[in-house]
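Asker: The lines below spell out each chain.
2 protein chains.
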Amino acid sequence: MKLIDGRETSKVIRREIADEVKKLLAEGGKRPHLAAVLVGHDGGSESYVKGKMRACEEVGFKSSLIRYEDDVTEEELLDKVRELNADPDIDGFIVQLPLPKHISEDKVIETIDPRKDVDGFHPQNVGRMTIGLPAFVSATPQGIMELLKRYEIETEGKHCVVVGRSNIVGRPMSILMSQKGYPGNATVTVCHSRTPNIKEICLQADILIAAIGSPEFIKQDMVKDGAVVLDVGTTRVKSDKTKSGWKLKGDVDFDNVSPHCSYISPVPGGVGPMTITSLLINTLKAAKKEIYQ
Amino acid sequence: MKLIDGRETSKVIRREIADEVKKLLAEGGKRPHLAAVLVGHDGGSESYVKGKMRACEEVGFKSSLIRYEDDVTEEELLDKVRELNADPDIDGFIVQLPLPKHISEDKVIETIDPRKDVDGFHPQNVGRMTIGLPAFVSATPQGIMELLKRYEIETEGKHCVVVGRSNIVGRPMSILMSQKGYPGNATVTVCHSRTPNIKEICLQADILIAAIGSPEFIKQDMVKDGAVVLDVGTTRVKSDKTKSGWKLKGDVDFDNVSPHCSYISPVPGGVGPMTITSLLINTLKAAKKEIYQ
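First to last, the protein sequences are chains G and Z.
Residues in the first sequence are numbered from 12 upward in steps of one, following this note's numbering.
Residues in the second sequence are numbered from 12 upward in steps of one, following this note's numbering.
Do not take every clue at face value.
Each computed PhoX-like pair below joins lysine-lysine, with the alpha-carbon atoms no more than 25 angstroms apart [said to hold, decoys possible]:
1. K296(Z) - K191(G)
2. K210(G) - K210(Z)
3. K118(Z) - K300(G)
4. K191(Z) - K112(G)
5. K300(Z) - K118(G)
6. K118(G) - K210(Z)
7. K41(G) - K91(G)
8. K300(Z) - K235(G)
9. K118(G) - K296(Z)
10. K118(Z) - K191(G)
11. K191(Z) - K210(G)
12. K210(Z) - K299(G)
These aren't lab readings, by the way, just hints derived from the structure by calculation.
On a predicted model such as this, the values are computed, not experimentally measured, just so you know.
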């Protein structure tokens, strides 16, 4: 069994990005610039955005944080989005979700210029990904694709089972894995809460992607010997073994499943550390106008 | 075995649309208006566009045909698209594909206002469909969804196998069938040219959607007893039994497969007749602003 180490892969990629930034600047180019809009003071969002800003610094990007209180109006927020769309110094920006209930997330996302939508949430980017055109792909799916590539995991003709059909993980993964090219060209099955025979389906998987958000849902008897397992779950559960009083659990019963896998990504330290790095990849692509001219 | 009769279903839907147009007009509303742009004189495109214009007349829509010779420039065509985008009398329009090689189909499609994109080819509509937002869905997938509904075929928890991953049929069908709601909530497997064990996969299907464009590819020993089979194939093959010298063949070996099915759509007369009707459905939705406000 080989461990898919997202922390290590992430470090390697960030070094590559940092090198590329140096090269860009040496050639007289502009420093890539990511902006983040944060509404309110949700603890999770705060620390996530902080992590993104820190990552920018690490690779040599410029970053800007724009903060609003919880009572910002939808129109104020949309005006800021339009301003960032028009600002030539900003290569890409994100609006950290979730937003307060009085603001339509769909409307905010659809107002972002797809060319600056480095989160890959705009329907135009989702649609382009779906039909196989160049697109900003959202962080988690892109991180998984990157891990498959870096670990040179064969995907063509393999049966990939995706458990979960969320818009941010399951759905895009199922599309990307069945797309032409590498990683891709897999036979892909999507199963979800309405699938009655989920165990039987999972047992067919050469590559199993678990993205349901149900801790240790995938048991040993659901995984074929030699399968590649990617665990996207990150549920906080109480623990008396950690200082904080909780720990992160994946969707896979790692202790019992891992001995039978060819590759498995752990939680934490697998897919998770790749997400912010994916955002950096997208921001670099935006700065270099690789997706849209 | 029950036959899924696309001709009959199509007639029923067109009568419903015609009734709705009368109601709209009686309430002082505007007559729905579809425009079609046709470049060149390809026989297939000519007759297909003619069929669309005739269908508009049948249900009481206004229709306009805009013709260009093969040597129209991309810029001229894009200007026309922009003009149609801005014309308040046009509810929806299509640019008949394929276009001559010197014109980028992607660019033309992306220039169409998504709110008037009744073909459902714009990435914004594809993306909205992918993430489960209201969207114009392209003709064939929408026709199949309509047939499933009208024949009250159960889909929840069923295993749906889609053979083919094209942007106009296989891909959207696989997304729609695994989406929440009805028809949907199915476990969905997409297989394609790179799937080594296609027979084994097809045998799992409660609902089999064949969209590969390979005549009679699906044989009896690939279909489970009692399966629902939807045949999207339409390949012209030579025939000495027809006046024209050719006939239309589906992707399914109908004679041998059909006795074992619970439902099957024939070729011709199954999915095919639904496509133009789907365009009418979309045009009505555009006129009533049901997708975008």
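Asker: Broken hints, numbered, in rising order?
Answerer: 1, 6, 8, 12
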